[in-house]
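S.K.: One letter stands for each residue in the lines below.
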Amino acid sequence: MRLLLISLALILAACSDPTPGGDDAVTQGFAGLGGDADEFAQVDPSQPLQFPEDHAAHPEYRIEWWYATANLQDQQGRRYGIQWTLFRQALEPEAQLGDWQDGQVWMAHVGLTTAEDHWQGERFGRSGGGQAGVVTEPFYQAWLDDWSLKEVRAPGSERSPSALDPLSHLRLQADTDDFAYDLVLQTDQSLVLHGDDGFSRKSERGQASWYYSQPFYQVNGRLTLPDGEQVTVRGDGWLDREWSSQPLAPEQQGWDWFSLQLDSGERVMLFRLREDDDDESFRAGTWISVAGEATPLTPQQIDMTPTETTEVAGRTVPVGWRLRLPDFGLDIDTHPLNPQSWMDTSIPYWEGPVEFSGSHTGRGYLEMTGY
Amino acid sequence: MPFIGTLGLVLVTLFSHWRRHPVQGLAWLSGLLLATALWSGVQALNAQARDSYDRAASLFDGAALPSLVAREGSLLAQTDYSALRRQGWPVSPVLEGRLEFPRTEADPLRLTLVGIDPLTLPAEATAGQAVDGTGSDLIAFLTNPGRTLVSPDSLRALQASPGDRISTTDEQMLPPLAVNASIPPGSLLVDIGFAQRLLSREGQVNRLLIPDDPSWLDRPLPANVAERLRWQAGQSEEDLGRLTDSFHLNLTALGLLAFVVGLFIVHGSTGLAFEQRRGLLRTLRACGVSQRTVLVGLLTELLLLALVAGLLGLCLGYLVAGWLLPDVAASLQGLYGARVSDQLHLDPQWWLTGLGMALGGALLASLSSLWQAARMPVLALARSEAWGQRQSGQLRLQTRVGLVLLAGAVLILTTGSGLVLAFAGLAALLLGAALCLPMVLSLCLRLGQRFARGPLSEWFWAETRQQLSGLSLALMALLLALAANVGVGGMVDSFRLTFTGWLDQRLAAEAYLNADSPQQAERIDNWLQQQPDVDAVLPTVQATVRYGDWPLEINGIRPHATYEDYWPVLQLRPGAWFNLAAGQGALVSEQWVRTHGSGPGDEVTLTGDRAWTLTIEGVYADYGNPRPQMLVSGSALSDWYTGTPRQGFSLRLPPEKASDLVAKARDELSLSDFAAIDQASVRGFSEQVFERTFVATGALNTLTLAVAAIALFTSLLTLSHSRLPQLAPLWAQGVTRRHLAWLEGARTLGLALLTVLLAIPLGLLLAWVLVAVINVEAFGWRLPLYFFPLQWLTLAGLALISALLATAWPAWRLGRQSAGRWVRVFATEGGH
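These protein sequences, in sequence, are chains P and U.
Here the first sequence is numbered in this note's numbering, starting from 1 and rising by one per residue.
Here the second sequence is numbered in this note's numbering, starting from 372 and rising by one per residue.
These are computed hints drawn from the structure, not numbers from a lab.
Here the structure is a predicted model, which is why all the values come from computation and not from measurement.
Yeah, the Cβ is synthetic: ideal placement off N, Cα and C, and Gly gets one too.
Check each hint, because a few of them may be wrong.
[Unchecked claim] Here are the simulated distance ranges between beta carbons:
no., chain 1, residue 1, chain 2, residue 2, range
1, U, Gln543, P, Pro52, 54 to 64 Å
2, P, Thr298, U, Ser571, 36 to 46 Å
3, U, Ser571, P, Gln75, 40 to 50 Å
4, P, Glu60, U, Ser571, 49 to 59 Å
5, U, Gly979, P, Glu229, 48 to 58 Å
6, U, Leu734, P, Gly314, 31 to 41 Å
7, P, Pro226, U, Gly979, 33 to 43 Å
8, U, Ser571, P, Ser289, 58 to 68 Å
9, U, Pro523, P, Glu60, 34 to 44 Å
10, U, Leu674, P, Gly314, 30 to 40 Å
11, P, Pro226, U, Pro523, 21 to 31 Å
12, P, Trp119, U, Gly534, 56 to 66 Å
13, U, Pro479, P, Glu60, 51 to 61 Å
14, P, Trp119, U, Pro523, 51 to 61 Å
[What the hints assert, rightly or not] Simulated coverage check for chain P against chain U, where a stretch passes if three residues somewhere in it have a Cβ under 8 Å from a Cβ of chain U:
no., region
15, 70-83
16, 99-112
17, 137-148
[What the hints assert, rightly or not] Partner residues aside, some chain U positions facing chain P, computed with beta carbon under 8 Å:
no., residue
18, Leu446
19, Gln449
20, Thr450
21, Arg457
22, Gly459
23, Asp488
24, Leu513
25, Thr514
26, Asn515
27, Ile563
28, Lys1028
29, Ser1030
30, Asp1031
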């Protein structure tokens, strides 16, 4: 099976034709996301997002994800971070969902982080046979096996057009050999569209994705820890939705991404796309007011500087950062809950909860790929 | 002189012997060559078969993966798969079916299509690695137009090349072919989506595999699927190795016998060569060559010769295996349903082991000569003893060892159990008998000597006894080969008689119809009621479950006079059929008794959703079936069994109308050739399977006899060289050369005849061991032993003819040698 996983990683990592004479990993960006994708649908800002339709999967695009994270705390004050991710990857253009030969592969990652430990799980699946998928009717759900994200609705009730967004009340579940969680994510705030009404630029050369979030979840639920102990937890959650056919430029090796939940109520999303020979990596982000109004950030407004590195899985990873948004009076230092939050999955990366102090305090999640 | 230079000289000197005695050298080489060929050929066959089982077993079951199957019918809905996955069950869908490909009109090529989902396949399954091993082409396997993974054998059978798209007989096109050696012969591996399309089973699967993790097996099934699914233990392929072990052990034993017979030749030739080179060795020593160098020289010579013979033997073994493989494959398929690839491919290990056997065998066979060379005093006279003229003490020792072996054989065969031990007993019996042969022959000759009249007759008997030691090895080989032939032939023919008689009983009904679904069974039932020719319809149901560690076939019948009249029972309790009809009693096959150790009067509890306790009411013969079997009431079986048993109908009708009815059934009910069949066809098919099973055995037997004949021939040929000094004095006293040649021939023939006479009782003993011990251990049934005097006569005739042929040339040469050579015997005293 290990072989299979490796080959799947190869699929995901090298999906398009390799560039002659070049090292794929370098020329195609992290996980092949910088590869050429002419035959797939392209992100077109002239076709604005429509909801709830765009909550569904977009199989005509090469890659898509559902990405939930939460900072949680139990009654003793112990802190936890959880991650739940569903990836859809098209193996060939013009694929349709649901058939065994629909040309789609699904991959899910889950993670649980404490100050001392980090556990993860990974699964693969196909929508043929009903093992994995995303549906909007009769109620919203995204799943791979029993790892699921489901809309919560009173039994028998219909979702009226005027009702809140289907993503406003979700149940998030995962169960692995090590740990399990069953959480309810709830908010009455609207979705937040990043970039230009959801059109999120990823480089100066035109790479982009559709990208929106729900950053205001209140989370309640239960964790089952590896020792079998069940703990009741609560905290803040964040859901990202993103799809594209070529989200990275070929030179971009990976990214450093933050979701920040400020104690004062604001939310901030920041990311930096690292390039080979360029210290001035592409940066972008969104300042989200307490009321949920989004202000896109230009690269010039953002300063992200690593302050502390750690050795994890044989790599040097910057786990401490100084983040500055001078225009918004933000100047903070972030520290990981657990510097060893390494997702040792077929495509490995660092993903874990952080907390910060400085001009503001609060918690968030940091994701770093391509190290 | 440096050591290497001396050694080279010694080697040249030693090899000059073979140049002067090419026939002797040829005998040596051919002995080892034949021994290696037969042994390695048999090993190649075994390796081939095991490789095929391994591939079949490990496609899904690195360790016999359990699976979930439908309670009703053979298919389950894909929605049950997703329902389980969504509750966290790590199941993986499999869909299997048969596809036919055009080969000839009447006989299409049938292959099994296996559909899998590589993403969910349990880690133990090698099918996933097969997909993986086809050059990182997982994407191609999953997406249109897909890939069909096929074994090299099936690719050849399809007469296609990698990348081809081939069509089934109903014009469905397969995904492009890709070769993978880990796919079992006769199977095609595709993604489950393609399998559903090709088999017209959209949204359906046959079974759900689950990783071999006890925590899942112990967990209750989710309520929403529990009523439709049930557990099935790992597939039966895993049993294949165990079931066929005995078959392979039989082959191995025959191969080993042939090897030993071949070694006799080597031993004989080496011994002779040593005796003839005594003078040479003494001269070498006298010239200052150290004993060590002489020994190293002899050893090097031996190894070089063994290397040549071994390599040639391996090539011949490969040919033998290739020649026998189709028959062995057919036997295994007929007997056990095991599919064995009919293309040989051998790994380096086979070559190395074969070569090792050749070298080791040659060393073993030459050990005593080397030992003597090592102890030979430098100054001893280079007495050219008549070769192999052993002291009577040596003969006595040999006989004692033989007697000990015989005693051991009796002990093992009467008290031991287990197949390996049984074969050990058999080996001890044969070897012991062979070692005692010279003494027995000597006693016979002493008896003959008493009746000798006149000096020539006295001389004849004494000389024959004298010569015995020289011929004894060849005669021992002949004894072994003949005994094996009598024994194996007796067993096969006993088996054939019993089997045909048993078929008559077991196939009491005139025609048989089998349904593949309950709906079809109902249709057949309705149709049968409209057939005026049918006198009685005996419905049967059949299910395969596991009992203990073994698969168990349960046959359910509706009691009828036909069974009471014909069923081949060996033991029966009073009221057995009544209790069976009441659903409280069962008849079990002989194999059951053997496997599970319980018999008439004992109780058996079959577990399942509901326990079912049955009393064993009797035992019946079930030849040719490796699995234990049970006969119960059909209605009780249907009540107890949670799946859908296979349903069939045995029909009683006038025999002459059977084939018409079967043809009509095939036509009107669209049943396949195997689903509707008349008694004569079943019988024909069964007998054909039987015959093919023993083709390989018979061929090996004949080859062994041929090797023994060669052994006899070479012994005589080499002996004839040393005969002259013994015969010359008689010639000088007036006996003609022609007369002497006749006497020489008569002597050998006489010894061969005595050996044949001794071989027949030994062969019968062997047959008894095979039938009453080995067969019971290997297959679980015991056969009555029949005698076939005609067969013995034929064999004796064959043996005598080969002895005659072996004698003729040396004798003829003796008669034709010039008088000058006879005279020279007296000139060169002791020369040869």
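S.K.: So, for every hint listed, does it hold in this structure?
M.R.: Hints versus structure:
1. U/Gln543 with P/Pro52: 54 to 64 Å: violated, 41 Å
2. P/Thr298 with U/Ser571: 36 to 46 Å: violated, 59 Å
3. U/Ser571 with P/Gln75: 40 to 50 Å: Given range 40 to 50 Å: violated, Cβ gap about 58 Å.
4. P/Glu60 with U/Ser571: 49 to 59 Å: Given about 30 Å between the Cβ atoms, the range is violated.
5. U/Gly979 with P/Glu229: 48 to 58 Å: Distance hint for U/Gly979, P/Glu229 is violated at roughly 39 Å.
6. U/Leu734 with P/Gly314: 31 to 41 Å: Since U/Leu734 and P/Gly314 have Cβ atoms about 54 Å apart, the given range 31 to 41 Å is violated.
7. P/Pro226 with U/Gly979: 33 to 43 Å: The hinted range 33 to 43 Å holds for P/Pro226 and U/Gly979, with Cβ atoms some 37 Å apart.
8. U/Ser571 with P/Ser289: 58 to 68 Å: holds, 59 Å
9. U/Pro523 with P/Glu60: 34 to 44 Å: holds, 40 Å
10. U/Leu674 with P/Gly314: 30 to 40 Å: violated, 53 Å
11. P/Pro226 with U/Pro523: 21 to 31 Å: Violated - the Cβ-Cβ distance for P/Pro226 and U/Pro523, about 47 Å, lies outside 21 to 31 Å.
12. P/Trp119 with U/Gly534: 56 to 66 Å: Given range 56 to 66 Å: violated, Cβ gap about 45 Å.
13. U/Pro479 with P/Glu60: 51 to 61 Å: For U/Pro479 and P/Glu60 the Cβ distance comes to about 42 Å; the hint is violated.
14. P/Trp119 with U/Pro523: 51 to 61 Å: The hinted range 51 to 61 Å is violated for P/Trp119 and U/Pro523, with Cβ atoms some 44 Å apart.
15. 70-83: violated (count 0)
16. 99-112: holds (count 5)
17. 137-148: holds (count 4)
18. Leu446: violated, 14 Å
19. Gln449: OK, holds: U/Gln449 within 8 Å of chain P, min 5 Å.
20. Thr450: With Cβ-Cβ at 7 Å, under 8 Å, it holds.
21. Arg457: Because about 6 Å separates U/Arg457 from the closest Cβ in chain P, which is inside the 8 Å limit, the hint holds.
22. Gly459: Holds. Min distance 4 Å.
23. Asp488: Where the cut-off is 8 Å and the nearest Cβ of chain P is about 7 Å from U/Asp488, the hint holds.
24. Leu513: holds, 7 Å
25. Thr514: holds, 5 Å
26. Asn515: OK, holds: U/Asn515 within 8 Å of chain P, min 5 Å.
27. Ile563: holds, 6 Å
28. Lys1028: Constraint on U/Lys1028 not satisfied, violated at 49 Å.
29. Ser1030: Violated - the Cβ of U/Ser1030 stays beyond 8 Å from chain P, reaching only about 45 Å at its closest.
30. Asp1031: Hint violated; U/Asp1031 Cβ to chain P Cβ min 46 Å, cut 8 Å.
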